[in-house]
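2 protein chains.
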Amino acid sequence: MADFSQEEKVYFMTEALKEAHKSLDKAEIPIGCVIVKDGQIIGRGHNAREELNQAIMHAEIMAINEANATEGNWRLLDSTLFVTIEPCVMCSGAIGLARIPQVIYGATNAKFGGAGSLYDILTDERLNHRVEVETGILAEDCASIMQTFFRQNRERQKEAKRLAKENSEFAN
Amino acid sequence: MADFSQEEKVYFMTEALKEAHKSLDKAEIPIGCVIVKDGQIIGRGHNAREELNQAIMHAEIMAINEANATEGNWRLLDSTLFVTIEPCVMCSGAIGLARIPQVIYGATNAKFGGAGSLYDILTDERLNHRVEVETGILAEDCASIMQTFFRQNRERQKEAKRLAKENSEFAN
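As given, the protein sequences belong to chains D and X, one line each in that order.
Following full-length UniProt numbering, the numbering of the first sequence begins with 1 at its first residue and continues without gaps.
Following full-length UniProt numbering, the numbering of the second sequence begins with 1 at its first residue and continues without gaps.
Quick caveat, the hints were computed from the structure, so don't treat them as lab data.
What you are looking at is a predicted structure, and each value in this text was computed from that prediction instead of being measured.
Where a beta carbon is used, it is the ideal one built from N, C-alpha and C, also for glycine.
The hints are all genuine.
Which bits of chain X does chain D cover? Going by a derived footprint, with three or more residues having C-beta under 8 Å, they are: (1) 60-73; (2) 82-91; (3) 96-110; (4) 119-131.
Taking CB as the label site, the calculated pair distances span: (5) X:123 / D:123: 20 to 26 Å; (6) D:152 / X:153: 50 to 56 Å; (7) X:25 / D:129: 24 to 30 Å; (8) D:125 / X:51: 28 to 34 Å.
Build out the structure end to end from the sequences listed, making use of the hints.
This is how it looks when you write it as structure tokens:
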């Protein structure tokens, strides 16, 4: 298990936040992830579900796929996954399947979280792989970019509604 | 929700079993999956973790990705996923994220199942998507191909051990 200093944790979570900003720029739910091994980033990912039209393309999945390709191995032993928001059920399952031993996430996800909130998949003793979990690194920044997205999303919906109304007036 | 006759269920599970045989032929854990919409298969998948070196590449994930591409949509509304073995935690999460409303699986997976055995993710009322689940279609065939794999795997391990022993004798 890698033993990161607080400074290193903040550094890698900032890299995950850079990934989240890629999603925000594309009007996607802004979650970002990096996977680190021996002090190097071996996989990066950001949520790209809408852009790629792939239901599974969460930040963690993209990062795991990239790290698998980097390593030429589906097992990501001795690595650490940094992600801005608590992994969902699917991603928690994927982290275990990829044999990642350590997860550090920013903010919790009370509605969908599979790593402590709704479920506790990463530490379930019935499963064949258990993960050390730490949370709270840059939690406010990680949550704040989500709030920005949902505010912008409401504005987009309002604008779309206004345009639809305008168009219906023209149609009369 | 599609209303399949018993004959149709057996037909599509047989197609999922054909996918499982692709995994068996490559010495992968033999699980297969098809996704059906309006009576047509829109996605097929088989477990290919070792071949592709991708931790996430379970049968359901491959089939969901293919169905997303076929439909040009990450939402697989009005579709049914047939899979030979009960989905794991990751795949159960992925099925919900893809908004698949119906899952029919063959045999249960007591050790890793996320759709009734260890967890009941597909019917969890706290999540924003619930799935109708049916099990038992061709259950014996679906379990039997798994047993074939594990028997062949033990034989491969035995043979590898024998060869290693032979080599160590040559080295002396």
